[in-house]
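Here the protein sequences line up with chains U and S, keeping their order. For the first sequence, the numbering used here assigns the number 227 to the initial residue and increments by one for each residue that follows. For the second sequence, the numbering used here assigns the number 227 to the initial residue and increments by one for each residue that follows.
Treat the hints as calculated values from the structure; they're not laboratory data. By construction, the Cβ of each residue, glycine as well, lies at the ideal position given by its N, Cα and C atoms. Careful, some of the hints might be misleading.
[Stated by the list, open to error] Per the computed footprint, the stretches of chain S lying under chain U, defined by three or more beta-carbons under 8 Å from a beta-carbon of chain U, are:
(1) 233 to 244
(2) 280 to 294
[Said to hold, decoys possible] From chain U, some residues computed to sit far from chain S (all C-beta separations above 12 Å):
(3) R270
(4) K275
(5) Q291
(6) S297
(7) K410
(8) K422
(9) P537
Number of protein chains: 2
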Amino acid sequence: MPKSERKCLFTPGPLNTSDAVRQSMLLDKGSREPAFIQSVKNVRQNILKITDLDPDGLYTVVPMQGSGTFSIEAAIGTFTAKNAKLLILVNGAYGRRMVSIAEHLDIDVQSLEFEETEAICPLKVAAHLKLYPDISLVATVHCETTTGIMNPLEKLGAVTAAADALFMVDAMSSFGGIKIDFSKCRIDCLVSSANKCLESVPGLGFVIAKKTLLQSAQGQARSLSFDLHAQWQGLENSGQFRFTPPTHVILALEKALETLTQEGGIEARSERYHNNRRILLSGMTRLGFRPVIEDSLQSPVIATFHQPEDPRFEFTPFYQWLAERNLIIYPGKVSRIDSFRIGTIGDLQAQDFHHLLESIEKYLKLTGFDLPLKN
Amino acid sequence: MPKSERKCLFTPGPLNTSDAVRQSMLLDKGSREPAFIQSVKNVRQNILKITDLDPDGLYTVVPMQGSGTFSIEAAIGTFTAKNAKLLILVNGAYGRRMVSIAEHLDIDVQSLEFEETEAICPLKVAAHLKLYPDISLVATVHCETTTGIMNPLEKLGAVTAAADALFMVDAMSSFGGIKIDFSKCRIDCLVSSANKCLESVPGLGFVIAKKTLLQSAQGQARSLSFDLHAQWQGLENSGQFRFTPPTHVILALEKALETLTQEGGIEARSERYHNNRRILLSGMTRLGFRPVIEDSLQSPVIATFHQPEDPRFEFTPFYQWLAERNLIIYPGKVSRIDSFRIGTIGDLQAQDFHHLLESIEKYLKLTGFDLPLKN
């Protein structure tokens, strides 16, 4: 692809993938061919390997077609036993989405709500679980993409385990970009997608679950398509998906996992994302933009900025001017604050952020703002 | 791609796509970018156009991420009203799958079963609907990929309409390859996939539904992910998917629809598939293979052959020998007959079938069979 056509997607996904990842989609493969079955096996094993999990150990990977939300729905629908009570911890839109999924599935669900600019508090979760000892499953988002805030997985896992409940983690936008210790965090299942920090194309999610959890979930799913137990059994028995898999998308993910290993694993990728974030935040602060989330809670995935208070600043022309220069930023999603977001994941390097910052500065000067912006 | 790497997928999908279709996946696009929103709009409109349906008319297209089965589940779960009774007509595995979907969703479902080698009989359906006047939705498979048999859509639509029930069609493997008259067939909704006769890559299904049906289905879905009403509203309001779409897969489908139009529309494609089928069936018959489905019921999508009765013939080495030569055929799925299948759809031309037939003849001679095979 000519350089000029490359768009920089400063978004939480779909995001930039490498040429090698996209080129791996140039081959048609039959879904029941041995060569494709091997690709599926590689994907399942390499997701465990990059996480330092033993493929013969406690956990296994169950991929699921569709968007990441589909895998979240599959996990909630498969792992919540009939008549079980589910608690969802909410500090943003993705927590609320899990509540909506559970309500659609007619599951007995409670939500514990926090401010969107505040991390979920383990002490409050522990207190809630004392009040409702019949809660058997607790679900949380790791990095709330609404703001980019990080929730304290290890402490939340500890209070959940202490209450004898299962711990489900939506790590959609963090998995692959932030190291997660499954054992320390007491994770029973974690859901993510090919199309975030693994830097592959969208169209596939996956669940990393304890094999014992999958075994116990036979017949529990509220859906044929989203039955993770049946999906797992199909893959174990024949190596094949039950229903047509997105073959090209899976070949891309196979390549993306190789690329991640070549980069030096999750630690190296995390360092690159942290570096992207440092450049972005210091540059934006210098221009006078204010981040919404305090620094200690900020993930290296996406950053949210207040809209400048100056009424002459409008998001749409700002977005469009940047988009015309192949720089795609992201609208805000925080309920009560006018904000916008800039993602720091994907196949993006330091120079992409320097280029973005220079362009933002140029836009502000062209449109007559004094820098730094007044807030 | 070097010619030698090209595999011929004589399967019901994933199947062969053109170089142009695959190359359209080489671009990363943001899912909320105006350019991508335009691609989604093109896909939705062009699906109607190739079907001779007016984009401003009765029907609309709702795409859904994942495999075709996901779209079937979405249609059943969205369009079956609470407490409504659903009848599914079954003459193969895909009809049975719809029954399983409805059972998982706790829907009041009946099935009317026919032999797998027999088309669904409209008279029997009419009689059943007289017995159960409270059935409000009838679902059938158009071309049962189990065998390749065609069901009589127009007559089934007529008896369903006469019973004042809604008519839902699973046209997964026929849409785009066989002309379907929505008005004559009295279709309320039809489900298909990008990855069959539209000759695009897997990862997206879609539902063509009456707008009035969608309007009446608000709040009915048993799932957040598979809520076709909400998916439709999202697309109408912002042009965007509610949840991350498989952007590359959608760009491929946009190109595949252009290609279909360039080929001369569904009629021209249907003619190519019929020609593929004629070459295949006459060649296989000449070698002594017997088709399972009588000729008048046989679709141009996939053909099922009896395994030769000679006990020396085994499917696995036959399959493997062909696969080593990049010719991928398909195992059988008929319950009570040992059979195998050869697909005639996808980016396959007459010469691919001549090449396949020569290879099969060569294999049979090499392994010591006298031709034609004795049956």
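Index of numbered hints that the structure contradicts, given in increasing order: Hint check: 5, 6 and 8 fail, others pass.
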